[in-house]
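Asker: Chains A and B supply the protein sequences, listed in that same order. Okay, so the first sequence: first residue is 1 according to this note's numbering, each after it adds one. Okay, so the second sequence: first residue is 1 according to this note's numbering, each after it adds one.
One thing to keep in mind: the hints can contain errors.
Unchecked claim - Selected chain B positions facing chain A (in silico; Cβ < 10 Å): (1) 61; (2) 67; (3) 210; (4) 231.
Said to hold, decoys possible - Computed cross-link-like contacts, DMTMM-like style, restricted to lysine to aspartate or glutamate with a CA-CA straight-line distance of at most 25 Å: (5) 345(B) x 217(B); (6) 39(A) x 217(B); (7) 161(A) x 92(A); (8) 217(A) x 92(A); (9) 39(A) x 193(B); (10) 345(B) x 391(B); (11) 39(A) x 395(B); (12) 161(A) x 56(B); (13) 39(A) x 202(B); (14) 256(A) x 239(A); (15) 161(A) x 91(A); (16) 39(A) x 91(A); (17) 161(A) x 263(A); (18) 345(B) x 395(B); (19) 39(A) x 281(A).
Keep in mind the hints are simulated off the structure, nothing from the lab. Backbone N, C-alpha and C fix where the C-beta goes; we use that ideal spot for every residue, glycine too.
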Amino acid sequence: MTKLLDLPQANYVLPGNRACAGCGIGIGLRQITAALDGKAVMAVPASCLTVFGGMYPTSSVAVPWVNVAFPSTAAAAAGLAAGLRAMGRADEMTVLAMAGDGGTGDIGIQALSGAAERNDDFIYLCYDNEAYMNTGTQRSGLTPHGARTTTTWAGKRENPKDLPRIMEAHGIPYVASTSAVYPTDVYDKVARARDMHRLRYIHMNTPCPSGWTFEPKDTVRIGELAVECGIVVLYEVVEGAFRLTGRSAALANRNKALTPVAEYVATQGRFRAMTEETTAEVQAWVDGRWAGYVARHAAGR
Amino acid sequence: MTTSVITGNDAAATAAKLARVQVIAAYPITPQSPVVEVLSDWVASGELPAEFVNVESEHSALTVCIAASTVGARVFTATSANGLAYMTEQVWWAAGARLPIVMCIANRAMAAPWNVLNDQQDSMSVRDAGWVQLYCRDNQEILDTTLQAYRIAERLNVPVMVCYDGFLLSHTVMPVDVPTPEQADLFLPPRTDPLQVVDPADPRNIGPVTLADPRADGAGVLRPGYMELRSLHHGALLDALEVIPEVDAEYAAVTGRAWGGLTWEYLLDDADVAVVAAGSLTTQLTLAVEALRAEGVRAGVLGIRSYRPFPVAAVRERLAGKRLAVVFDKALSYGVEGPIAGDLKAALQPLGGEAPVVFGCICGLGGRDVSPDDLAAATRRAVADLSGPRDRAPDWINLQPQGIPQPQGDPR
Chain A
1 MTKLLDLPQA
11 NYVLPGNRAC
21 AGCGIGIGLR
31 QITAALDGKA
41 VMAVPASCLT
51 VFGGMYPTSS
61 VAVPWVNVAF
71 PSTAAAAAGL
81 AAGLRAMGRA
91 DEMTVLAMAG
101 DGGTGDIGIQ
111 ALSGAAERND
121 DFIYLCYDNE
131 AYMNTGTQRS
141 GLTPHGARTT
151 TTWAGKRENP
161 KDLPRIMEAH
171 GIPYVASTSA
181 VYPTDVYDKV
191 ARARDMHRLR
201 YIHMNTPCPS
211 GWTFEPKDTV
221 RIGELAVECG
231 IVVLYEVVEG
241 AFRLTGRSAA
251 LANRNKALTP
261 VAEYVATQGR
271 FRAMTEETTA
281 EVQAWVDGRW
291 AGYVARHAAG
301 R
Chain B
1 MTTSVITGND
11 AAATAAKLAR
21 VQVIAAYPIT
31 PQSPVVEVLS
41 DWVASGELPA
51 EFVNVESEHS
61 ALTVCIAAST
71 VGARVFTATS
81 ANGLAYMTEQ
91 VWWAAGARLP
101 IVMCIANRAM
111 AAPWNVLNDQ
121 QDSMSVRDAG
131 WVQLYCRDNQ
141 EILDTTLQAY
151 RIAERLNVPV
161 MVCYDGFLLS
171 HTVMPVDVPT
181 PEQADLFLPP
191 RTDPLQVVDP
201 ADPRNIGPVT
211 LADPRADGAG
221 VLRPGYMELR
231 SLHHGALLDA
241 LEVIPEVDAE
251 YAAVTGRAWG
261 GLTWEYLLDD
271 ADVAVVAAGS
281 LTTQLTLAVE
291 ALRAEGVRAG
301 VLGIRSYRPF
311 PVAAVRERLA
321 GKRLAVVFDK
331 ALSYGVEGPI
341 AGDLKAALQP
351 LGGEAPVVFG
361 CICGLGGRDV
371 SPDDLAAATR
381 RAVADLSGPR
391 DRAPDWINLQ
401 PQGIPQPQGD
411 PR
């Protein structure tokens with residue numbers, strides 16, 4: 001595992017981007033682009049990342065970037081890969097699709113499932129900030145149970161879709177779950193994906209101060225707490241071999257107790273209306289999932 | 001040049017092969033499916049060295065073409081009806097991104113209710129999306145126009161839709177002269193550098209949020225706003241009015257065949273009644289016109305080959321001084337009239353007293369049979385209606401009465 005001080009100094013995310021203060025995308029994107037050494041072409045649909053990238057004729061990211069329609073991200077990445085192959089340029093760059101949770105799990109899932117079934121040659125990275133943040137915090141299929149959004153005022157009643165598991169079911173060579181607030185975990189997973197071929201899926205939890213309602217200075221703390229609680233689990237599945245990584249591996253290996261979900265819920269305004277009963281339901285859901293991950297970690301698959 | 005007896009779909013696929021397309025993506029829909037079945041076979045056998053992406057929807061089919069075209073590949077897809085409607089978002093994207101994509105449309109009626117047969121409602125519904133739209137009257141024209149479409153698209157950086165009537169052409173065999181690969185290469189050289197740059201050594205953000213007003217780049221140079229980009233796009237479509245005939249002439253120089261560029265005509269010079277349509281209907285109109293002439297009606301055909309851009313100057317020049325123009329639309333702008341009829345009226349309006357009266361007809365919807373006799377009869381009715389009001393409602397050809405009890409055992 002790469003040490004924090006060993007991360008490359010090259011920076012493809014330029015100063016002066018249009019992200020909100022404390023946005024988790026910037027932390028993650030720095031490591032993603034560094035792991036690819038800037039040799040990538042990004043396919044980006046309508047999302048917070050579009051705003052991050054800047055307005056014509058300026059750009060905040062020094063990596064080729066193609067804006068694409070909301071439902072089309074994975075098909076666009078497949079087209080970029082096919083076009084580069086047809087032009088004899090496939091070795092020049094990695095194709096990186098990067099979309100939000102709604103763009104991936106809701107409107108984009110058909111194209112993504114098609115690309116995964118064909119096992120097209122690109123990395124798909126979903127940055128999951130757990131709602132439609134760019135349009136003003138509307139519920140997505142990945143919004144957590146209990147979270148208030150502008151379309152679930154009383155708190156969302158359903159658990160989020162487990163997208164990495166859906167992607168795993170497609171039998172693709174690489175599936176990983178990471179968090180933007182762990183730069184080395186992000187870097188290592190993108191670097192590993194870079195050296196593989198066919199469809200590689202990385203799910204990156206990305207705390208959002210404005211949508212989750214916490215102070216911009218707390219982005220990293222909140223992201224870490226999600227991992228301590230087992231709400232976000234760091235892992236990778238390489239050709240079917242499962243292992244926990246980073247802090248999640250440490251928690252499992254040392255058999256440490258998870259921090260109660262109630263502590264995480266208390267840090268964010270979006271959970272203000274959550275009842276004790278809902279919190280208990282989420283805790284039970286988290287515990288069940290965590291036990292499954294720990295068992296898979298032990299079994300190695 | 002060899003002569004093959006092939007369907008319209010085969011003609012389209014053959015043209016794509018002759019164009020040496022590099023990326024193909026398509027999703028099956030009747031009556032387009034055979035185009036991509038044939039191409040898939042050629043790619044699998046190595047006869048056509050291209051990437052073939054078996055996508056999960058039409059939206060993704062055009063998306064793959066958009067992305068591959070962005071990095072410089074020559075691309076091809078084809079669809080029909082609801083498939084075109086499903087990719088509508090990307091139809092606009094392809095045009096707005098100024099990509100020289102060629103897409104064949106085997107024209108089919110829109111659901112609901114389901115109907116797999118021909119009319120032109122599908123492509124007419126996206127006439128405003130910023131594509132060039134060319135309509136073909138037979139299988140030879142499908143092959144030739146598809147090849148020409150790449151030349152037009154790549155000169156102007158706009159996508160081109162090659163439209164041909166489903167089943168009537170797509171599944172009907174006709175003798176087609178197929179150019180040799182050498183002839184095709186002579187006419188259509190490889191695609192030159194694309195507008196877009198995808199290069200890590202020169203990173204660009206392609207198609208980002210663009211404000212309405214112009215904005216300076218990092219070097220202080222003012223770049224177009226959204227409205228300037230739209231004006232440039234409109235300009236490219238207007239330039240197509242010159243480029244389409246030029247490309248037709250270039251094609252004729254190599255193959256000996258020309259299609260008239262923007263419009264096509266038959267016995268129009270001395271006619272005082274013009275019959276106007278797009279697609280295979282114009283072939284039937286030649287028979288109707290011959291029948292009418294035998295009765296002493298001086299009729300002639302004006303075929304619309306380029307519907308977008310609409311050949312305003314050409315139709316004005318060809319129809320000035322005529323008594324009547326009868327337009328046969330296989331599509332409808334609900335609550336108004338047929339799309340070609342409406343466009344023709346607008347185009348002719350500045351002629352004032354020199355403009356013919358324009359009467360519209362709606363025909364062939366959902367594959368309703370329309371014969372040369374029907375077309376001649378409708379033209380006769382239109383001539384008779386000249387004595388009536390000039391705002392005549394569209395004449396629905398062969399519209400049948402409803403609610404009439406049928407004899408027992410009638411298969412209908």
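Asker: Decide, hint by hint, whether the structure agrees.
Answerer: Going through the hints against the structure:
no. : hint            : verdict
1   : 61              : holds (8 Å)
2   : 67              : holds (3 Å)
3   : 210             : holds (4 Å)
4   : 231             : violated (16 Å)
5   : 345(B) x 217(B) : violated (44 Å)
6   : 39(A) x 217(B)  : holds (24 Å)
7   : 161(A) x 92(A)  : violated (35 Å)
8   : 217(A) x 92(A)  : violated (38 Å)
9   : 39(A) x 193(B)  : holds (21 Å)
10  : 345(B) x 391(B) : holds (11 Å)
11  : 39(A) x 395(B)  : violated (61 Å)
12  : 161(A) x 56(B)  : holds (22 Å)
13  : 39(A) x 202(B)  : holds (11 Å)
14  : 256(A) x 239(A) : violated (28 Å)
15  : 161(A) x 91(A)  : violated (35 Å)
16  : 39(A) x 91(A)   : holds (10 Å)
17  : 161(A) x 263(A) : holds (23 Å)
18  : 345(B) x 395(B) : holds (16 Å)
19  : 39(A) x 281(A)  : violated (44 Å)
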